[in-house]
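**Student:** Each chain, written out:
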Amino acid sequence: MNDTDFPVLHTPLYDAHVAAGARMVAFAGWRMPVNYGSQIEEHHAVRRDAGMFDVSHMLALDLEGLDATRWLRVLLANDVARLARANVPGKALYSCMLNGKGGVIDDLIVYRLGDAHYRIVINAGTAIKDVAWMRPHIATCKTNVVLNERRDLAMIAVQGPNAREKTWKALPQLKEVSEGLTVFSGAQIGDCFVGRTGYTGEDGFELTLPAERATATWNALVAAGVKPCGLGARDTLRLEAGMNLYGQDMDEESSPLDTGLAWTVDFSDPARSFTGRVMLEAHPARQTVLGLVLDDRGVLRSHMPVFAASGEGVITSGSFSPTLGKSIAFARLPLDTGAGERVEVDVRGKRLAAHTVKLPFVRHGKALV
Amino acid sequence: MSNVPADLKYTASHEWVRYAPDGTATVGVTDHAQEALGDIVFLELPEPGRSLVAEESCGVIESVKAASDIYSPLAGEVLEVNSAVLKAPERVNADAYATWLFKVRPAGEAPALLDAAAYQAAIDEE
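Residue numbers (the numbering used here), protein chains in the order written: chain R, 1 to 369; chain X, 1 to 126.
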């Protein structure tokens with residue numbers, strides 16, 4: 001199939017990727033770089049030095065209004081009230097947005113920029129349905145909230161142990177303020193929003209800036225020694241880091257309680273009736289998510305059946321881990337399955353030996369399994 | 001652009017074949033295939049002595065991204081497998097034509113393989 005026949009969207013960095021020789025693929029309606037040569041080298045660059053990703057296909061939303069906090073406390077399964085309590089300006093929270101059945105519409109990051117101002121970043125593939133879910137929800141709740149889609153912005157994620165230093169070398173004007181950012185918080189610095197967040201298990205920044213400045217910023221980062229990385233490396237990095245991918249590890253048919261995201265659901269305030277709460281309380285977790293490390297030769301992939309002493313399960317994400325030099329996966333398994341158990345995986349008709357581990361596999365460049 | 005040497009024969013499923021003067025055939029995957037797959041991390045190849053049918057799936061090549069079957073371009077007996085490449089599959093990415101996978105003693109009718117021009121045309125259409 002020739003995916004160039006389909007209408008696709010280009011990020012402001014499209015020409016820069018093509019000029020750099022990227023292999024471009026269709027992803028969630030966008031034409032995105034999957035790699036610029038070797039995906040494994042890009043992966044190692046992020047674990048050992050600094051790499052960057054064009055994540056402009058994701059959508060930034062600005063939410064402003066006196067009822068913003070009250071509305072988000074209903075919309076999201078995690079509680080944005082934690083952000084005000086944290087007493088850190090620009091503090092971020094990872095959350096699921098659930099439907100009435102308790103299924104996951106999307107996972108997102110929300111930054112608190114003020115009492116009445118939040119920045120939300122949502123996935124590319126779900127952006128249209130997310131906004132279509134939020135707008136009527138705002139109307140129904142009769143809230144004083146304005147939602148603004150920021151397609152005028154580009155996003156670059158700079159990740160790795162040297163990511164912050166190299167960002168400051170490329171963009172010295174960001175240093176003074178962003179030096180003070182604690183992990184999982186962000187700040188608006190001139191026309192650039194800097195979040196100390198990411199999707200790789202490494203330190204770094206996510207930069208959100210006007211689209212017309214994206215290419216110059218990207219080129220300055222290249223000149224500072226930040227390696228362009230594609231979606232391929234992004235996937236193996238997040239897998240090693242134990243981070244879910246929407247549409248693969250969870251979706252509208254699955255509960256956050258069954259997909260390794262129970263830690264993101266905040267039931268602590270009994271008065272907070274967030275969407276999906278009733279169903280989650282009626283249906284406690286039925287499965288647990290564990291990591292798998294393959295002991296035999298081969299590669300684990302999504303949908304492969306897993307056989308544990310506790311019963312059967314299934315892989316939701318699997319690939320090769322460049323850091324471990326082995327195949328790894330996330331598996332949904334019966335609740336009483338623990339870490340350190342031997343399991344078998346059906347790999348195209350062959351039963352291969354693997355064992356369960358606690359997630360993540362890798363954090364800050366170090367193998368944890 | 002992919003590299004398609006003129007002295008090899010090809011399959012539409014992206015294997016290459018080099019015939020030696022003694023008639024044995026050496027098989028690998030094309031540069032186009034390795035480029036499309038990305039970083040190759042695992043290979044499963046047919047055991048020596050196995051009797052292959054032409055176009056039969058006889059192995060697996062896996063990149064970080066995806067798994068793909070290896071099809072035998074011709075019928076015959078597997079003479080030898082490149083054990084070095086099993087340990088270092090990334091060699092296929094480094095040089096797909098210098099990195100052979102297995103050797104076959106052909107049997108039966110000569111297979112209908114593509115020449116370089118026909119293979120180039122096939123991948124241009126993809």
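These are calculated hints, taken from the structure and not from any lab test.
Just so you know, even glycine gets a beta-carbon here, dropped at the ideal spot from N, CA and C.
Please note that a few of the clues may not be correct.
Covered by chain X, according to a simulated footprint, are these stretches of chain R (three or more residues, beta-carbon under 8 Å) [unchecked claim]:
(1) 212-225
(2) 259-268
Residues on chain X that point at chain R, a partial pick, calculated with CB under 7 Å [claimed, not checked]:
(3) 39
(4) 45
(5) 64
(6) 77
(7) 100
(8) 122
Dumping the calculated SDA-like pairs for lysine to any residue here, alpha-carbon to alpha-carbon at most 20 Å [claimed, not checked]:
(9) X/87 - R/197
(10) R/366 - R/197
(11) R/350 - X/36
(12) X/87 - R/352
(13) R/350 - R/281
(14) R/350 - X/116
(15) R/350 - X/75
**Student:** If a hint holds in the structure, say so; if it does not, say that too.
**Tutor:** These are the hints, each one checked on the structure:
A stretch counts as covered by a chain when three or more of its residues have a beta carbon under 8 Å from one of that chain; for the stretch 212-225 of chain R and chain X the count is 0, and the coverage is violated. Residues of the stretch 259-268 of chain R lying with their CB closer than 8 Å to a CB of chain X number 0, which falls below the three-residue condition for coverage. Interface hint status for residue 39 of chain X: upheld, as the beta-carbon distance to the closest one in chain R is roughly 5 Å, under 7 Å. Contact between residue 45 of chain X and chain R, as hinted, is not supported at the beta carbon level, the nearest pair being about 12 Å apart and thus beyond 7 Å.
Interface hint at residue 64 of chain X: satisfied, since its Cβ lies 5 Å from the closest Cβ of chain R, which is below the 7 Å cut-off. Because the smallest distance between the Cβ of residue 77 of chain X and any Cβ of chain R comes to about 24 Å, over 7 Å, the interface hint for this residue is violated. Interface hint status for residue 100 of chain X: violated, as the beta-carbon distance to the closest one in chain R is roughly 20 Å, over 7 Å. Hint on residue 122 of chain X is violated. Least Cβ distance to chain R is approximately 13 Å, over the 7 Å limit.
The suggested pairing of residue 87 of chain X with residue 197 of chain R is violated, with an alpha-carbon distance near 37 Å, which exceeds 20 Å. Distance hint between residue 366 of chain R and residue 197 of chain R is fulfilled; the C-alpha atoms sit about 18 Å from each other, no more than 20 Å. Taking the CA atoms of residue 350 of chain R and residue 36 of chain X, the gap is about 26 Å. The hint is violated against a cut of 20 Å. A threshold of 20 Å between alpha carbons decides the hint, and for residue 87 of chain X with residue 352 of chain R the separation of about 18 Å falls inside it, so the pair holds.
For the proposed pair residue 350 of chain R and residue 281 of chain R, the alpha carbon gap of about 39 Å is over 20 Å, so the pair is violated. Only pairs whose Cα atoms come within 20 Å are accepted, and residue 350 of chain R paired with residue 116 of chain X is rejected, the gap being roughly 36 Å. For the given pair, residue 350 of chain R sits about 25 Å from residue 75 of chain X by alpha-carbon distance, which is inconsistent with the 20 Å threshold.
The structure is inconsistent with the numbered hints 1, 2, 4, 6, 7, 8, 9, 11, 13, 14 and 15, although it conforms to all the rest.
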